[in-house]
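K.L.:
Residue strings, one per chain:
2 protein chains.
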Amino acid sequence: MRIALDAMGGDLGPEMAIQGALAAVSDKSDLHVILVGPSERLNGQLAELGRGKNGALECISVHHASEVITMHDSPVDAVRKKKEATIMVGFDLVKNGAADAVVSAGNSGATMAAAIKKLGRLPGVARPGIASFFPTVKQPVMLMDIGANVDCRAQHLYQFAVMASSCSRLLQKQPRPRVGLLSNGAEVGKGNALVKETYELLVQSPLNFVGNVEGRDVYRGDVDVVVCDGFVGNISLKISEGLADAAMQMLKREIMKTWRAKLGYLLIRQALSGFKKQVDYAEYGGAPLLGINGTGIICHGASNAVAIRNAIEVASSMVRNRVNEAIIATLGEYSA
Amino acid sequence: MRIALDAMGGDLGPEMAIQGALAAVSDKSDLHVILVGPSERLNGQLAELGRGKNGALECISVHHASEVITMHDSPVDAVRKKKEATIMVGFDLVKNGAADAVVSAGNSGATMAAAIKKLGRLPGVARPGIASFFPTVKQPVMLMDIGANVDCRAQHLYQFAVMASSCSRLLQKQPRPRVGLLSNGAEVGKGNALVKETYELLVQSPLNFVGNVEGRDVYRGDVDVVVCDGFVGNISLKISEGLADAAMQMLKREIMKTWRAKLGYLLIRQALSGFKKQVDYAEYGGAPLLGINGTGIICHGASNAVAIRNAIEVASSMVRNRVNEAIIATLGEYSA
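For the protein sequence lines, the chains are A and B, in the order given. Adding 1386 to a residue's 1-based position in the first sequence gives its number in our numbering. Adding 1386 to a residue's 1-based position in the second sequence gives its number in our numbering.
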């Protein structure tokens, strides 16, 4: 299992990527990570951070790439102009058979654009999309699309359902993932025009479609897959992140008001970190690109080493479980 | 100031409405609340709950209405068939000049439908909508539309911006409310087709338009008004509610694991309730219907007495500050 890791993608610099790679190869004996980026710099940092970890260092190599696509670059322009960018070179490695998957914490639009340009779409897929795991009070739920396709037709949402369902079945070991359609009400007939049309496709499909789900239901964990267009999915994800940040700020402000509460805070700190671990995107292993003819995982820009390690694990699991073969088979079988 | 209160609307029964009314009239000397519902039952409960509060009881009356629209009723059917429903009778009181505004914690679709049927739209308004206050780390932000219009055109979103901006200016005392357009990225050019088209209208308008805002920005409190279609707004609201509930459940689960954390919890309990008060929709006074030719406030179905009292206060404030006159004037001035 060879994973190409965009070493220059994250906001926190290549150290995080290297630390993540070191952690990943320590966990798994059959794993090889290829760090993609400026070779001189990466080799130096790798030698330093990997000191005393000779076993791990044997499972990591560096592949040179001279350019970096930043968060400020337009995805379309960047993919056209920065041919030597880490993310482009990463997907080249997959294309040439030198790697099995790509992991990047960089510009997600550019990562998707590079994946499509280098690897193309899976046969039958109209629009690849980005799936993401959301924590819930039960097991995580996979929401798709979280931002690749802001204007969708019903056929696209239908394919998101098929792709995410295949992925959930294999990664989350759900024999028949329950698929919900994100809407403004659970009742039949609720939704905008797009949702109503998609409902008809899903209800006639052999997917385990449980009907409309409301925003409130996403975090209940009663479904395995939630389908929506990339505009709504992006807002759902970012509203959640924003609320979590704001709530933490407000709570801290209240706690800092009294000594009593400050003491209480010290006592619950461990419970708080257990809680944070449950809701932390870093624990969820990044967002799979689904529908591309290969395997790619996008991580949050602020990914730490744990997030990178988990993303490498999800990428490996997607390859090992042949998620793309399942998507092709299911799309063929279920074509709406 | 006479507010008609749908006494049968909330999930928690008429007691909550009565308690809310008692609290509201105790706060304000110029306020009269008209409880709308089955008069025998309401008079009995009012006498009981208002025992010893003769001053308050003088400011509350009961107006009979024999039917109730439930949460399960289809708004369109209910408004057509249940002519004697509390919410219909409430808007009749406004229409006939016997009340200045309606407050209801009932079926929000039916409340909007009843308002439009009984009072009509303000001149120039294509689509009335529902605005709602979201807590942020700074002052609350007004988001519109939260669910009345699931399929919108750019002109509708533009009018939401004008209406919410007028309302925010008068209720939140913001001389020039900062208006953001909810999108999947803050950069110019981000958004689905509807958002891109709306952006052009807003940027040319005299509104204090600050550009696209991401989901993450909603809770930062850097804008006063956030505009989106009712489908996206409904999902934003309910995703937030769902996350807040789930996070509280997960946190409690973690805290219950150790005695140390349980003790800590006792010490921060007061801080937690201060925090809850900040994020509690009950504190925000319900959701104004904007664009109808009158004043109506929708409350959350689970509203307690505090929420009802605050909604009555917002309704009074809208009437007192002549929000509708401001909307008409601003729409005329800014017609896109």
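I should point out that these hints are in silico values taken from the structure, not numbers from a laboratory. A few of these clues could be false.
Since the list can't tell identical chains apart, any single copy or any two copies may satisfy a pair.
[What the hints assert, rightly or not] When the alpha-carbon atoms are kept at most 30 angstroms apart in a straight line, the in silico BS3-like pairs for lysine-lysine are as follows: (1) 1648 - 1414; (2) 1468 - 1582; (3) 1559 - 1467; (4) 1582 - 1467; (5) 1481 - 1662; (6) 1503 - 1582; (7) 1439 - 1414; (8) 1524 - 1643; (9) 1559 - 1663.
K.L.:
Next, verify each hint and record whether it holds.
P.N.:
Hints versus structure:
1. 1648 - 1414: neither (41 angstroms within a copy, 38 angstroms between copies)
2. 1468 - 1582: Only across copies: residue 1468 and residue 1582 sit 27 angstroms apart there, 41 angstroms inside one copy, limit 30 angstroms.
3. 1559 - 1467: This pair counts as neither: shortest intra-copy Cα distance 41 angstroms, inter-copy 49 angstroms.
4. 1582 - 1467: between (40 angstroms within a copy, 26 angstroms between copies)
5. 1481 - 1662: The answer is neither: 38 angstroms in one copy and 52 angstroms across copies each exceed 30 angstroms.
6. 1503 - 1582: between (32 angstroms within a copy, 26 angstroms between copies)
7. 1439 - 1414: Close inside one copy (14 angstroms), not across copies (72 angstroms); limit 30 angstroms.
8. 1524 - 1643: between (34 angstroms within a copy, 17 angstroms between copies)
9. 1559 - 1663: within (22 angstroms within a copy, 40 angstroms between copies)
The structure shown violates the earlier hints numbered 1, 3, 5.
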